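Protein chains in written order, with the working numbering: chain A, 1 to 243; chain B, 1001 to 1271.
Simulated from the structure, these hints should not be mistaken for laboratory data. Note that this is a predicted model, so its numbers are computed, not measured. Wrong hints could be hidden among the right ones.
Said to hold, decoys possible - Restricting the straight-line Cα-Cα distance to at most 20 Å, the calculated cross-link-like pairs of lysine to aspartate or glutamate (EDC-like) are:
1) B:K1088 / A:E55
2) B:K1268 / A:E98
3) A:K158 / B:E1173
4) B:K1169 / A:E55
Residues per chain are reported as follows:
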Amino acid sequence: MEPIIHIEGIHKYFGHVHALRGVSLDIYKGEVVVVIGPSGSGKSTLLRCINRLEEFDKGQIVVDGITLDSAENINVVRTEVGMVFQQFNLFPHLSVLENVTLAQTVVRKRNPVEAKKTGMQLLEKVGIPEKAHVYPLQLSGGQQQRVAIARALAMNPKIMLFDEPTSALDPEMIQEVLDVMTALAKEGMTMVVVSHEMGFARAAANRAILMDEGLIVEEAPPNVLFTNPTNERTKLFLSKVLQ
Amino acid sequence: MVSSIKPGETKENTGNKKSFYFDRWWLLLVAVIVIIILLITFKPDPFKRILLFVSDGIGVTIYTTLVSFVLVLFFGLLAGLGRISTNKILNGAATVYVELVRGIPLLVQLMFWYFAFPSVIQGLGNFLSIEGLIKYRANPILMAIIGLTFCYAAYMSEVYRAGIQSISKGQMEAARSLGMNYFQSMRFIILPQAIRVILPPVGNEFITLLKDSSLVSVVAVADITRRGREFMAANFIPIQTWVMVALLYLVLTLFSARIVTWIERKTKLER
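Using the sequences and the hints, build the whole thing.
Quick look at the structure:
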């Protein structure tokens, strides 16, 4: 089977910092992959390379058969790949519903009525239809992140990328976001999640990957990686995280 | 599910800040207008005479300022986008333009556009033997508008640049990750937010432009200032003339300031 995301020998430099040192990874349709690792290990950079928010210096990425090379291809890939950010990045000047409908009408060229209908369905899916006409800054962090997920889903993406989606949230709001993500995973969405939420990884992920210093150190099913890691670096990292 | 929205959370129900209202600073404008009315009522000679003589300049000042400002908003945005562009040629061109233009006094620039520019065109016409160019004559108001626009678009580009750069990088990334291209992201996400941020300095630029439009009086445009000078030259009453001219400018600037404040309130983000 063809992988839906094919990453081959990616190198990325930030000035003199060699952030990614030849990462290769294949992700298949319907897979949920959780990426963990210490800060500065390159996990967010790798994720951002998949929809080319970050340029890479060497290597190749193919998403759903489309190579990320021309500006045109990058835009096509971006419409097929949803992204959820640590800081939510909702559009504060638009209502919650407008946040979810804008790209549908502007990029997908759906008519406003249809876009609204899809938007309301998605807001119900993430559990906040009653906030449709509120502005994002009036919502809690957890609610904002759920709107952000709905906004990305509105484009009917084939792949969802999550860049530390719960790291900016108060502890009591983390679960509501993870619940939405778990439900999404159960529906068969292909997901790449940078997160240290072990509970989510165990419940929803097929694979867990540990990155360190710009390289993939170890990959295994989450239960195996978390309880029985083979690599010394993985053991060290987990001993710190799991305390 | 729209029906489940609680009344307190609807857009329409978030206070009356969208409706027009008069803050106390309107009193300042009212005071200036009252003074003008008192002057022309109780001292019609010379104040009413001055007002009548200068009044056709009011329209010229307003027209020149408004037309220039609309052009400034447009060209300032282009130059501002050039300043933040990663394209080296666009960025370089915009930077050279801004640095040069804001380094030359506006009065000198206006002189150039009215006196020197037509000579350049005529010289070019002679060189290329094009009849139309040789006969070129400068239109004062057109040259004044070009001069004001050319200068103020450079200032405005810096305002736009600051406004756009004040919007967090995540907004552009979120827009791009949804598949919007650069212009769609600018149009729907970045600029609507940046414009709210830059409204106070933009309003400031407008008021400064309104006042600086008095400089066009030296290039044969019959604005308020030029009409004031003409009146003074004929009647030799400088104090009354310039008091009246100053009061007229105050009416325009104080009114503009109130409108800017009103627009600011109207477009404030809900949080």
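Status of the hints after comparison with the structure:
1. B:K1088 / A:E55: holds (18 Å)
2. B:K1268 / A:E98: holds (17 Å)
3. A:K158 / B:E1173: Roughly 19 Å separates the two Cα atoms, so the pair holds.
4. B:K1169 / A:E55: holds (15 Å)
When held up to the earlier numbered hints, the structure conflicts with none and fits them all.
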